[in-house]
Each structure stands twice: as C-alpha cells, then as structure tokens.
Amino acid sequence: MKERTIWEQIADSFRSRSIWMLHYCTGCGAMELPPTMTARFDMERFGITPMATPRQADIMLITGYLNTKTLRRVIYTYEQMADPKYVVGFGSCTINGGIYFDSYSTINRLDYYIPVDVYIAGCMPRPEAILEAFNYLMEKIRKGEADGWKRYKENYDWYKQNQIRSLGEVYVHDEFHE
Amino acid sequence: MAMSTLLVSLVATSVVMYFISKASWKIGAILNFLIGIFLISYVFALSTGTTSELGTLFGQKLQLIWTNASYYFSLVSLLVIVSVMLFAIKWLDSQKYPAAFNMFLLMMTAGSLGVFMAADLITLYIFWEIAVLSSMLIVPMGKKESRKAAVVYAVMSASGTYMYLYGAFLAFQRYGTLNISEIAKHMVSDPSTGIKATIFLLLASAGIAKSGIFPLHTWLRIAHGNAPDAFSAVLSGQLVKLGSYVLMVSVAALPSLKIFSNIPFYSGIPATNYFLIALGATSIIIGTLMAIKQDDMKMLIAFSSVANGGYILIGIGTMDPIGFEGGVLHVFNHALAAAVIFMAFASVVYRTHTKKISELGGLIHKMPITFLAYLFAIISLAGIPPMSGFISKWMIYQALVRKGMFITAFIAFFGSIGSFLYVFRPLAGVFLGQLPKKYKDVKEVSPIMWLPMVILVTISLIIGIWPFPILKPIEGMRMDFGIAPTMKIADSSHWLIKGFAGNWNPVLVFNLFLIGFVIAYILYTLFPRPKKVDLLAPHKKEGAPINIYTGGEFIYNPDLYQYNTKFYAGFERMYEKHPSWEKLLEMLAKFFYDLGEWVHGWFFRPSPSAYTFWVTLTILIVFWVRW
Amino acid sequence: MVAAYKALFNLVLGFFLVLSLEGVGRKITARVQRRIGPPWYQNFIDVFKALSKHPFSNGWVFDFGVLMALGGAMATAMIVPMGSTTWTPFPNSDNFFVIMYLFAVGALGMAMGMVGSGNPWASIGVSRALTQMLGYELPYLIVISSTIFYYKTASIHKLVELQKNGWNLLVMPLGGIIAFISLMGMLGKKPFDISTAPAEIASGPMTELSGKYLGLLHIMHVFAMFVEVSLFVDVFLGGGNLGWYLVKFIVVWVLAVLISSVLPRFRIEQMLKFYWGVPLGLAFLNALFVLLGWTL
Amino acid sequence: MVYGISIILIGIGIYGLMTQKNLFKHIVSLSIIDTAVNIFIVATGYVSNGKAPIYTRALPGFSPNSFVDPLPQALVLTAIVIGVGTLALGASLLVRVKEKHSSINVENMKGVGE
Amino acid sequence: MISLLIAIPLLLAFISIIWRSLSKPLFFLASFTNIVILITSWFPNGVEIHAMGNWKPPFGINLVFDNASFYAALVVNAFFLLTSLLPGLVGNYGIPLMLLMAAANGFVLTGDLFNSFVFMEIITITAVTIASKKENFYNAFKYLILGGIAGSIYLLATIFAYASTGSLNMAHVSMAGISSSSLVAITTLYAIGLGVEAKLFPLNGWVSGVYGGNDLAPVILGTSVSFAALYMVGRLFGTVFHGNGAEVLYTLALITIVIGEVAALRQRNLLKTFAYSSVAQAGVVVAMLSKGTGTAMGLAYFHLTNDAVAKFVIFLVAGFLVYNYKNLNGVFKKHKVLGASFSIASFSLVGFPLFAGFQSKLRIIMEAFSMKDYLFPSVMLLATLIEVGYVVRWNVKLWFEEETQEKAETPVIASTLALILALVLITVFIKPDIFLGGAMKMGNALADTKDYIQGVLSVVKGGM
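Protein chains in written order, with our numbering: chain A, 1 to 178; chain B, 1 to 627; chain C, 1 to 296; chain D, 1 to 114; chain E, 1 to 464.
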C-alpha cells in the first residue's frame with residue numbers, strides 16, 4: 001500500500017465521518033435498515049445518511065442475495081458511483097449465496113464481481129451488527145484501508161472477466177431484453 | 001437625405017428588391033442587410049427636431065418629425081430587423097418565397113420607420129398599414145397553419161387599426177387637426193371628458209391590437225407561432241413594438257395625466273390609464289399562464305410576448321417617471337430578447353424541422369452557440385441581472401410599489417416568476433436533456449445565422465451593465481412628454497440608477513457576479529478533476545446504454561429518458577379547464593359567418609318569388625314609415 | 001476597499017454561520033424525533049468530503065451551471081446587509097428587487113446545470129422548484145411591497161434604520177407571519193421540500209451531482225439560505241449590532257427548523273393552493289391595511 | 001275605378017310572382033303587372049268629357065282645357081313594346097332553362113344550387 | 001356630337017347583326033369612337049342640351065351634357081373600351097354589349113324621365129342577355145323578373161311624377177313644386193326601382209347569381225352598368241328631388257353594406273364573394289350620395305370609380321381563374337402578373353394605403369365626420385374589417401396554398417390590362433386628382449340644381 005499524502009489523510013478522515021449510503025435492497029436485509037436509521041439506533045449520529053442516487057453516495061449496501069439479472073444492475077450502479085466508494089455486503093447471501101446457493105441463477109460470492117469492503121455475517125444481521133460493521137468500515141476508511149475502489153480499478157480486467165463469465169454477453173441491446 | 005425621401009425611396013426600393021431577389025435572392029438579402037446598416041447609420045446621424053414633409057393628403061400636410069421617441073423606437077426596430085436580415089442571408093435557403101420575403105421585409109421596415117417618424121395621426125396610419133400589409137404577406141409563407149394565421153392577424157390588426165382611424169377622425173372633426181402635438185394641446189383644454197376618453201381609447205386600441213394586449217391578443221399565438229421562423233423574430237421583436245409606440249403616443253404624447261386629471265381613479269392615475277393598466281395586467285396573466293402550458297416553442301414565446309406587452313403597457317400607463325422609463329426600456333429589452341429567442345428557434349427548426357418541444361432535446365451538444373444565445377436571451381426576458389431585461393422590470397416594480405398598486409404589482413410579480421417557468425421549458429426541452437436519435441447528425445448553424453444572435457445578446461448584456469446610453473433617449477423622451485422633467489433617473493457619473501426607493505449600480509452588481517463566478521471557479525479548480533460522462537454514448541456506439549442515473553435500468557434509447565412533455569404537469573393541471581378568450585373570438589367570427597348564412601338564407605334565396613316578396617315588403621315598409 | 005472587506009466578511013460569516021446552523025438544525029430535528037443526531041459540525045464534514053471526491057461531469061453546461069449558481073448566490077450574499085448600515089457592504093445597491101433578482105441568477109444557473117445533466121429526474125425537480133417559486137414568492141413579494149410602500153424605500157439598510165422605533169414585525173404582524181411562511185418555502189424546508197423530495201424523484205435537481213459538484217452546490221445553498229434568512233431578519237426584525245443580528249438569525253432559523261421537523265411534505269399543487277389561499281389573501285389584507293394606514 | 005283595377009292587377013301580379021312555382025307563370029304575372037301599369041298610365045291621361053287632343057277648326061267649342069292628355073298614350077305604346085321585349089327574352093330564357101335544368105318548376109329543377 | 005354616343009353603338013350593333021363576325025371589331029370601334037368623342041368634348045363645365053328633334057326643353061326628349069353626365073359617360077365608355085380589348089371575354093356577345101353601351105350612354109345622358117326608363121329597360125334586357133352567357137339561364141331569368149318589376153316600379157314613379165308636374169323633363173320636374181305626399185310616393189318608388197340596378201338591399205338578390213354565373217357579366221355589369229345606375233341615383237335624388245327620400249336610401253345603404261360584407265365573408269366562390277363585395281361598395285356609394293352635398297357626392301363617385309377599376313381587375317382575374325381551374329389553391333404561383341394585379345386591386349378595395357381605395361375611403365369617412373354623421377363611418381369601418389377578412393383569406397389562398405393543377409395558358413392581353421389598371425390604382429393613390437377632379441366636378445354638377453335647371457331650360461344647342 002502506498003503512503004497517503006496529508007491531504008488524503010484529512011480527506012479520509014472526513015470520508016469516515018460522513019458516509020452516504022445507497023442501499024441496493026434485493027432481499028430481506030432491507031428490513032433491518034429502518035430500525036438502524038430511526039430513533040432506536042440512530043445511524044445519523046455517525047454521519048450516515050441515506051442518499052437517493054449512486055452519484056451522491058459513498059457506500060453501497062447490498063442487502064441480500066443477487067442473481068444474474070440483478071447483478072448486472074449492481075455493477076452498472078456501482079460503476080456510476082464517484083470514487084472513493086465502498087461496498088458493504090449484507091448477510092450470508094452475499095457471502096456464499098445463502099439458502100438459495102444452489103439455484104441456477106444465484107450469485108454465490110459477491111466479491112468475484114465487485115470489491116466488497118465489509119461483509120456482515122448473519123441471516124439476517126441485526127441492527128447492532130450493522131452498526132458494528134459501519135464502525136469497522138469507518139475505521140478502515142480512516143486508516144485508508146478500505147481500498148475496494150482502487151482494487152476494482154487495478155484489477156478491472158479480472159473483475160470484468162468474472163462478470164462476463166457469470167452473466168454472459170448481452171446480444172440485443174434495448175429496453176425489453178435486459 | 002430628408003426623411004420623406006428616405007421613406008418613399010425605401011418603399012420603391014422594396015419593389016426593385018423583388019426583381020433583384022428574383023435574379024438571385026442571396027444578393028437581394030445581402031443588399032437588404034446593407035440597406036439596414038445604412039438605415040442604422042442614418043438614424044444615428046439624424047438630430048432630434050428635424051422635420052420633413054411627405055406631401056398633402058386631403059388638405060392635411062403629412063408631416064414627419066424626428067424626436068427622441070422616433071430615435072429610440074427606430075433604433076430598436078432596426079437592431080432587430082437588421083439582425084434578421086443578416087440571419088436571412090443564410091436562412092432563406094430553406095424558404096419557398098425568398099424574393100417576396102426580401103421585398104416585404106424591406107417594405108415593412110419602411111412602414112415601421114414611417115410610423116415612428118409620423119407627426120400626425122394620418123401619416124402614422126398610412127405607414128402603419130404599410131407595415132401591417134407587408135408583414136401580413138410574409139406570415140403565410142410558413143407552414144400550412146400559417147395561412148389561417150395571416151387571416152387572423154390581418155383581421156385582428158385591422159380591428160384595432162380601424163378603431164384608431166375612427167378615433168383619429170373623431171379628433172380631427174373636433175379639433176380640426178391631425179397633428180399629434182396640436183391634438184394634445186386641444187385635448188388638454190377640451191372640457192368634455194367623454195369625447196376625450198373615447199378618442200383616447202380608440203387611438204389606443206390600435207396599439208392594443210398590435211402589441212397583443214388582452215382582448216385582442218389571440219393573433220399572436222397563431223401568427224407568431226406559424227409565421228416563417230425568422231420572421232417571427234421580427235413580428236415579436238419589432239412589429240409588436242409598433243403597438244407599444246402607439247400606446248405610448250396615446251398615453252404619453254397626449255398627456256393623459258393632464259387630460260384626464262378630472263377623473264383620477266387610484267393614486268393619481270386617471271381611470272382611462274387605469275383601464276389600460278388593467279388590460280395590461282390581464283394580458284400578463286393570460287400570456288404567462290398560456291405560455292407555461294405550450295408545447296409549441298414558438299407559440300410559447302408568442303404568449304410571452306403577450307405578457308411582456310402587458311408589462312410595457314403597465315409601465316407606460318402609470319405615467320410615473322420611473323414606470324414610464326421602465327415601460328419604454330422594456331420595449332428594447334423584449335425586442336432584443338424575443339428576436340434572439342425566435343432566431344434561435346428558427347435555427348433549431350432550420351436544422352430539425354420541428355417546433356414541438358416534446359420532439360426535441362439535447363441540442364446543446366450539437367448547437368452550443370445557439371444554446372448560449374438562447375440562454376442569455378431568456379435571462380434577459382426573465383428579467384434577471386446582469387442582462388438588460390432586469391433594469392426595466394426593476395423600474396416598473398418601483399413605480400408600482402410607489403403608487404401602491406398592489407394588485408397590479410402582484411400580477412407583475414406573477415408574470416415575472418411565471419416567465420422563469422415558461423422560458424425554462426424550451427431551455428430544458430429543446431436544448432438540454434437527451435438528444436433524440438433522429439437528430440444525431442444535426443450540426444450548428446452557419447456563422448451568418450448565429451452571428452446576429454450573438455450580436456444582439458452582447459448588446460443586451462452591455463446595456464445590462466452600462467444602461468446609460470439607452471436611458472439617455474428615454475430620459476429625453478420623458479422630458480419631451482413632460483413627465484417629471486426635473487427628475488433624473490439615470491446618473492451615469494455615479495453609475496447609478498435612482499429609483500424612488502433606493503438606487504442600484506448595475507456595474508457593481510455585474511462585477512459582484514463576476515467576482516462570485518471567479519471565486520466559484522477557483523473553488524472548482526481546487527478540487528479533483530471530474531470524469532466526463534458522455535451523454536451522447538448511445539449515439540456514438542450501437543448498444544451503449546446511457547450513463548446517468550436510471551435507477552439501475554439499462555436505457556439504450558435516449559428519446560425515452562427525456563422529460564419535456566407536460567413539463568409543468570402539476571401546475572398545468574390546476575387550470576386545464578380554463579375559459580378561452582380565443583374560442584370566444586372564434587365564436588364571434590363564426591357568428592359573422594352564420595350571419596352570412598342567415599342573410600343568404602333569407603334574402604338571397606335561389607327563387608324569384610323570394611325576391612318579389614322582399615321588393616314588395618320593402619315598398620310597403622318604406623311607404624308605411626314615410627307616411 | 002472597505003466595502004470589499006465587508007463583502008468578504010459577509011461571505012465568510014454566511015458560510016460558517018449557515019453551515020453550522022444547518023448542523024444544529026439536524027441536531028434539533030433529531031432531538032425532536034428522539035434521536036441523538038449528528039454533531040453540529042456534521043455539515044462541514046459533509047461538504048468537505050463531497051469536495052474531496054472524484055466527481056463525474058455531465059458536460060460543460062453542467063459545470064457552467066454549477067459555477068453560475070454558486071457565483072450568483074455569492075454575489076447576492078455579498079450585497080445583503082447584516083442588520084445595520086455598518087454591516088452593509090454596498091449601501092447604494094442593496095435594493096430589495098436587485099437582491100431578489102440577482103438571487104435568481106443562482107437559481108437559474110442551478111436549474112440549467114442540473115437539467116443539463118440529461119437526467120429527467122432533475123428536470124422534474126426543476127419543474128417543481130420553479131412551480132414552487134410561483135407559490136411562495138407571490139405572498140412574499142406582496143408583503144415586501146407593502147413594506148416598501150410603507151417605509152418609502154426599497155433599500156434594505158434604510159429599511160433597517162427606519163425600524164429603530166419598532167420592528168416591522170410589530171408594525172405589520174400579519175405581513176411578518178406571511179413572510180415567514182414564504183421563507184419556509186424559500187428555504188425548501190418541510191413541508192415545502194417538494195422539489196428535492198429524495199424518496200419520490202431521487203432528490204430532484206441533485207440527481208446527477210457527485211463529489212465537488214454536490215459540495216459546491218451545497219455551498220451555494222448555504223449562501224442562498226443566508227440571503228433568505230437575512231432578508232427576513234432585516235426587513236422584519238429591525239436593526240441592531242452584529243450580535244443582535246446573529247441572535248435574530250438563529251432564532252428565525254431554529255423556528256423554521258422546528259416547524260419543518262414535525263410536518264410531512266405537500267404535493268406540488270397542494271402547495272400552490274396553500275400559498276395562493278390563505279397566505280396570499282392575508283398578504284393582500286396586509287397591503288390593504290398598509291394602504292389604509294391601519295398599522296400598529 | 002280604373003286606378004283601383006290597375007292596383008288590384010298589380011297585386012294579382014305580385015301574388016302570382018310570390019306564390020307560383022312554375023316559372024312561366026312568373027312571366028305571366030310580370031306581364032299582368034306590366035299591363036296594370038299600362039292601364040294606370042292610360043288612366044292618368046283621362047279627362048272626363050275630354051276631347052281628342054287634335055287642333056281642328058271643324059269642331060265647335062274648341063278649348064285646349066278639354067283635351068285628354070295625349071302623352072300617356074304615347075308612353076304606353078313604348079312601355080308595351082318594352083314589355084313585349086322583356087316577355088320574349090324571358091320566354092326564350094325559359095326554353096333554355098328547361099333544357100338545362102329539365103324543368104321550369106322551381107321545385108323540380110335540377111342543378112340549381114346556390 | 002353627344003348623341004353619337006348612343007347612335008354609333010346602336011348603328012354598329014345593327015350592322016353586326018348582318019355581319020356577325022365583325023361584331024368584336026365593331027364593338028371595339030364603337031367604344032373607341034365613343035371615347036374619342038368624349039375626349040374631344042372634355043368637361044363642358046356648363047350644361048349643354050342636345051334636343052332631339054329640336055324640341056326645346058321642357059318639351060321633347062333631350063340629352064343633357066354637363067360635367068356629371070360627361071364624367072359618368074367617360075367612365076362607362078372607358079370600361080366598355082377595356083372590355084372590347086378582350087376578345088376572348090366578349091365572345092359572341094358583341095351585339096348585346098354594343099346595345100348595352102348604347103343604353104347605358106343614353107341612360108346617363110338623357111334629361112327625360114321616361115326616356116331614362118326606356119334606357120333602363122334596354123339595359124336590363126341586354127344585361128340579362130349578357131348574364132346568360134355560359135348557360136347561366138336561370139340566374140339571368142331571375143334577373144329579368146327582378147328587372148321587370150323594377151322597371152314597372154320605375155315607370156310607375158315616372159308616371160306619378162308626370163301626373164303631379166305635367167312634365168317628364170328632369171329640370172322641369174325639379175323646378176315644379178310637387179306636393180309632399182306625391183313626392184314621398186315618387187321618391188320611394190324611384191328608390192325601389194333604381195335599387196335593383198344600384199344593388200340596394202334587399203333588391204340585390206340577383207347579384208351573386210349574375211356576377212357569379214359567368215366571366216363577362218361581372219366585368220361589365222359590375223363596372224359600367226353599376227356606375228350608370230348609381231349616376232342616376234345621384235341625378236334623381238341629388239338634382240331632381242333635392243335630396244328628398246335620401247333617408248330611405250341612407251337606411252337601405254347602411255343595411256346593404258353590412259349584409260353585403262357578411263354575405264361575402266361566407267362565400268366560398270371567388271366571383272360571388274366579390275359580387276357581394278360590390279353590393280357592399282354600392283351601399284357605401286349610395287349612403288354617401290344620400291348626403292346630397294357636392295363634396296359628398298363627388299367623393300361617392302370617386303370611390304365608385306376606384307371601386308369599378310378595382311372590380312374590373314378582380315372580376316377579370318377571377319373570371320379567368322374560375323373557368324380555368326377547378327381548385328384555386330395557389331394558382332397565382334403560375335400567374336404572377338394576374339396575381340399581383342388581383343392583390344393590388346383587392347387591397348385597393350379594402351382601402352390599404354399605397355392603393356387608390358385608401359384615398360376615397362378615408363375621404364369619405366372624413367366627410368361623413370365633418371357632417372357629424374358618426375354612424376356611417378363606424379358601419380363602414382366594421383364592413384371594412386369584414387372585408388379585410390375575406391380579401392386576405394382569398395389572397396392567401398390564391399397565393400400561398402399548395403397548388404396541384406396543370407397550368408392554364410396565361411391570357412396575355414388580360415394580364416397586361418389587369419396590370420395596367422393595377423398600376424393606375426397605385427398612381428391614383430399618389431395623384432388622386434386623376435379620378436378625384438372629375439368626380440368632384442361631377443358631384444358638384446349633380447348637387448347644383450339651380451345651374452342644371454337654368455342650363456336645361458335656357459340653353460339649347462345642337463340637335464341631330
């Protein structure tokens with residue numbers, strides 16, 4: 001890992017205190033977010049706020065299992081986010097496919113396709129676990145260790161290869177065939 | 001050259017121009033442009049007070065006089081016309097009747113100049129009709145709908161004109177003169193308010209019809225919307241201003257404050273003026289609301305002309321020194337802005353062949369200069385500093401607030417904020433957003449076409465920063481009309497414009513904006529450089545999706561991702577069931593048709609018996625009446 | 001030269017004041033909702049973080065729009081007087097209408113840049129924002145007009161001076177209340193945050209903003225709020241030294257935040273109907289009172 | 001008396017013009033009106049117990065005052081001639097109308113639009 | 001000399017009955033000779049009497065040649081001359097045209113009431129003949145019926161006049177006092193009798209059918225014959241009856257204006273549109289004539305002259321178009337000269353500046369105002385407004401609509417003629433005196449009853 005400049009250190013510490021998230025809610029994991037945000041656990045006290053679009057967001061929450069159809073969208077969305085960007089995988093689905101691991105279309109390991117900075121184990125992870133994960137992520141960001149976005153750039157070809165292998169090429173490009 | 005010689009030779013030249021243009025329209029257009037340039041220099045060279053005589057018509061001398069008002073209005077007109085003439089040099093190749101266009105454009109120029117030079121009502125009328133007639137013959141050169149537009153335009157214009165004529169002769173019958181300043185003197189001493197008010201309103205009605213004020217505003221939509229595209233710029237930027245001129249003549253040259261001092265209505269404004277102001281206010285409301293919901297970009301700006309005509313009328317109608325100057329200055333601002341906007345639209349139509357906002361989009365990628373011209377023009381039209389449009393609006397507000405005319409002020413504010421809405425609609429729908437696939441090979445128009453726009457916009461910007469050159473003739477005009485002759489509004493030595501309630505310094509404001517912009521730019525460069533998102537990706541490569549936020553969806557056809565139909569749907573819904581004045585007037589026209597039908601059915605039946613019946617009946621009635 | 005320093009001070013003060021007040025506002029809202037909330041300096045962090053990111057640019061008009069927005073807002077913020085003639089950078093140009101319209105440059109720049117991003121959500125947001133403007137500006141301008149008519153000046157610092165003997169809020173309480181309601185709309189606080197509604201239209205105009213664009217626009221928003229609240233304070237809450245001015249500013253701000261934290265969002269035409277109903281009527285009533293001389 | 005007759009005749013003519021569907025009857029009615037006017041003209045020249053307006057020494061008690069007015073008779077001659085001309089033209093037109101529109105009854109004529 | 005105006009056409013008409021093929025050149029010869037005769041006796045500036053058979057007025061039939069009848073005869077014959085230049089238009093109708101010319105000249109020149117009736121009947125008969133061109137029989141028939149009734153009424157009026165004054169000479173009738181009740185009867189009957197030819201409402205039902213039925217009838221009936229009829233209105237009501245009955249004319253005229261324009265607005269047929277327009281213009285003229293003063297009458301005839309010139313062009317072009325094209329959309333693109341002349345003429349009709357109609361219309365309004373008549377100008381302006389509507393509509397349709405058809409051969413003479421007349425209209429705008437001088441002389445002559453009576457009853461000149 002390269003040495004960070006002083007500006008980057010400052011920027012990283014800002015980044016760690018202001019995390020704007022985009023949740024990609026495909027599964028039951030989203031259920032756990034509202035309590036995390038509201039009065040009981042109050043995510044906002046860490047500077048974590050939901051954002052509407054990938055352009056504005058810093059982290060992407062993948063809350064649940066992915067299949068070949070949704071993964072394409074996740075990648076598309078991830079690539080639209082501004083650097084530096086982080087990915088948090090929720091629950092066992094993103095780690096090993098969860099209970100649907102043997103389905104023909106389920107994606108079993110997310111980090112073959114996009115770099116994941118933090119995984120939260122559990123099915124489903126409770127708000128406490130989520131907050132714990134966020135704290136861990138903040139710590140990582142502050143130290144400059146959350147470098148998924150750099151890895152994605154560096155190993156772009158590898159990621160692309162994986163993506164194409166699983167998803168296949170799309171031959172007809174229009175709104176009805178995707 | 002005397003003014004009369006100039007006008008007569010212009011009219012004659014226009015006919016010659018037809019034959020020249022028949023040989024080569026391009027030479028004709030260039031000659032037109034050169035004549036326009038000559039006219040501008042001529043206008044600059046004339047000194048105020050010059051008179052000239054055109055001849056004698058039924059014992060009345062037809063006189064021309066060069067005043068501050070003539071200077072100002074001629075200059076504004078010529079700026080617009082000459083720009084369009086330049087524009088037309090290239091644009092005409094898309095037109096079917098270039099020779100006739102050149103001829104009538106030049107004739108219309110002569111007519112307009114004559115109107116501004118006229119010293120008496122009948123000379124004004126003659127040149128007025130020349131201008132109307134020649135413009136009326138250009139209007140139907142557009143698409144199919146424009147034929148009907150020409151008829152509507154002619155009839156509406158004529159309805160105002162003939163009321164004017166009636167008023168002029170009424171004045172002549174009563175005062176024995178047609179000279180405007182003489183009539184003004186007579187009217188001040190005339191004790192009969194009823195007659196004076198009648199003359200006043202009849203004279204003003206020509207202006208009302210021409211500048212698209214409320215009861216006679218409906219022709220603007222159809223005529224401006226369907227006229228040949230570049231000519232819409234003249235229609236809206238220049239011809240409508242003839243109406244404003246006549247309104248100014250009837251309100252200010254005939255000193256309405258003195259004439260109607262016995263019927264004050266509100267805050268020192270006579271009832272007659274207030275009536276006009278009310279009409280102006282109604283026009284603002286109608287113009288604004290209708291403009292907001294138009295999908296046809298030319299019609300949209302046509303309605304905006306209705307609204308802006310209302311501003312001018314309100315400003316002049318108050319006869320307040322600031323309000324008057326504001327109203328008159330608004331003529332300049334709206335002329336330039338509308339001309340540029342219509343020329344920009346003409347360029348768009350020239351390239352894309354449609355004027356529906358919902359069929360366009362993203363042209364900024366293809367026509368950036370046109371876009372910029374349009375942008376600055378709408379900044380001026382919406383009355384936002386640093387463009388000149390703000391100055392006049394500011395002045396009008398000053399007058400309205402000073403007079404405590406809150407309802408009128410409310411309407412003016414409404415129109416002003418509404419103008420943000422409607423000018424933004426074409427900006428967003430035509431120039432910004434996604435470029436539809438069918439326009440991927442569209443190119444920027446040639447420099448001959450964008451140059452006039454850029455020039456006009458630059459003038460507007462310069463005047464917005466340093467308005468004193470244009471305020472000078474306006475102040476002169478105000479002195480001529482005797483509205484607070486001692487008051488000084490433009491203080492060029494301190495760079496100030498003085499309102500009744502606080503001043504402002506346009507140079508400073510512009511500089512502040514500049515400083516703000518520079519600071520913003522410095523901040524901008526300090527931070528990481530952006531990565532470019534190619535909005536034209538789907539056009540360049542088959543099968544590339546658009547790379548903006550789509551909620552995770554892949555979109556390959558940018559046409560689908562453009563928001564320009566029913567742009568203000570939420571607001572439009574609120575008044576979609578509005579009553580339509582246009583329909584009412586159409587009903588009136590229909591009434592005359594039906595009357596014709598009725599007359600035909602009753603009196604012109606295809607049978608000799610009916611004729612006999614009517615002959616007999618007439619004999620009997622006449623005998624009965626006469627005995 | 002003094003004027004230049006004063007203008008600079010305006011900018012600096014406006015930036016720090018409003019940005020911290022925004023954080024305070026978030027804290028207050030959180031407390032109202034029984035949360036702990038972020039620290040008061042959270043918005044500084046947010047802004048600088050946004051600036052530090054590597055953004056995307058959607059074309060030159062997008063950049064230009066953002067710069068125009070920020071430039072316009074800063075120019076306006078430089079003119080606004082802060083509670084007294086001493087803190088008026090440009091006494092000859094602080095005309096109300098000038099400020100109001102110069103302010104519109106920023107709004108137009110933002111609207112243009114955001115629609116220039118090519119995203120329909122931005123267009124919808126801008127369309128809503130403009131429509132909303134039609135709602136709140138009208139009662140506000142009527143009230144301000146009656147104020148100008150009453151004090152016979154549109155110059156803000158003169159208005160402040162003329163209020164030495166009593167705040168305008170006390171002279172025309174009705175007008176003050178209406179202006180405050182309009183201020184809520186201007187600030188884009190709930191229930192009037194229709195144009196940015198993140199849950200409906202993906203935060204409207206800001207949809208495509210990333211990194212420093214978001215940051216710069218946030219700064220623009222900060223200056224805009226500074227101008228809006230300052231105008232209200234100047235026109236209705238009288239003069240005083242800078243300290244008093246700040247106190248008034250904070251009070252108005254907190255009040256606005258408190259109100260907004262308990263209200264849901266209007267739909268666009270509901271919002272228009274709301275503003276064109278009671279507030280507009282009362283604004284006219286206020287104008288009538290001023291005309292008749294029935295002021296307190 | 002004669003005036004009355006002529007006025008009644010005019011009325012009859014006008015009635016005929018107004019009520020008849022057959023165009024030929026229109027001509028007839030027109031000729032009735034003509035005749036009525038002619039009778040009227042002749043009647044105006046009438047002087048009771050008048051004499052022929054001829055200067056002659058043969059008649060005793062000659063006085064210009066007792067002459068009937070000769071001029072109306074001259075006028076009537078002209079008027080009759082003109083009337084005949086009109087009738088002839090009308091009749092010839094009717095022949096062509098019949099050829100073209102296949103009828104001279106107003107209600108049955110074809111191709112008579114506006 | 002003046003009697004030749006009637007005699008030559010009559011003579012040539014009878015000659016051409018024998019040599020039918022000669023009728024066209026003879027028609028031209030007749031009208032040309034007439035014009036030459038008129039030019040040689042340019043504006044008599046007095047009253048010349050040409051007593052037929054050397055009966056001195058008030059006895060016998062005499063022709064009165066003063067400024068009024070000169071100008072009227074000039075205009076009437078000028079249009080005949082113009083028509084005679086168009087052999088295609090004249091066709092087989094040379095003889096009726098010559099008879100019509102004789103009758104119209106006689107109508108204009110005669111100083112005898114009964115004689116004028118005779119000429120009017122001849123006008124009717126020949127006009128009906130002309131109207132029946134292009135198989136327009138039914139409309140011609142209707143015209144005949146109406147003309148017949150009008151003739152009877154005119155005759156009745158003449159007899160009344162004779163009965164109450166004992167004379168048929170106009171000057172004599174004018175001089176003799178008539179009891180007011182007789183005067184009412186006489187003027188009313190004259191108003192109705194002339195109303196048919198003068199196209200007054202509601203006696204103008206024939207106009208659209210006749211003018212719209214073929215190409216020749218409107219060209220000659222709408223110009224020459226109208227002028228002759230309206231001349232007689234001025235002569236009778238201005239000179240002979242001293243303005244008695246003018247209010248009937250005025251009322252009818254105002255209604256005529258509105259009705260005519262409204263009916264024209266509704267028309268879809270080019271010829272008929274302008275037929276109704278000519279009805280309305282006749283209304284304007286009659287309303288002005290009913291004012292009775294020299295200036296007003298002069299202006300009326302000025303307007304009528306302008307209108308006649310414009311109508312000549314319009315009907316010429318319209319007749320050509322209607323009978324050569326099924327669909328008139330954009331036909332002027334193929335016939336630019338015709339189109340330009342048509343546009344100029346129609347704009348002159350409306351009274352746009354740069355064209356003659358402007359001069360007359362504005363003067364008329366001004367004159368009406370100076371007589372404190374506020375109603376007539378407003379009616380007239382309203383009518384003009386409607387006129388603008390249909391004139392512009394037709395111009396736009398004929399110039400700018402998409403054209404579809406094959407081009408018909410351009411009539412060279414007609415185009416040239418139309419263009420020259422259109423240029424005349426522009427010239428008249430610049431120098432109105434071309435028409436205005438004569439018209440004013442005419443108006444003054446008509447208004448000056450005393451001069452007329454003196455002239456007729458004292459001076460006798462010429463004879464056959």
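Warning: the hint list may mix true and false statements.
To be clear about the criterion: a stretch of chain A counts as covered by chain C if any three or more of its residues have a C-beta under 8 Å from a C-beta of chain C, and this derived list gives those stretches [what the hints assert, rightly or not]:
hint : region
1    : 12 to 19
2    : 82 to 91
3    : 104 to 117
To be clear, the hints were calculated from the coordinates, so they are not data collected in a lab. By construction, the Cβ of each residue, glycine as well, lies at the ideal position given by its N, Cα and C atoms.
Hint check results:
1. As drawn, the region 12 to 19 of chain A meets chain C at 4 residues by the rule of a beta-carbon pair under 8 Å; at three or more, the given contact holds.
2. Counting residues of the region 82 to 91 of chain A whose CB falls under 8 Å from any CB of chain C gives 3; the rule of at least 3 is met.
3. Restraint check on the region 104 to 117 of chain A versus chain C: 0 residues with Cβ-Cβ distances below 8 Å, three needed, restraint violated.
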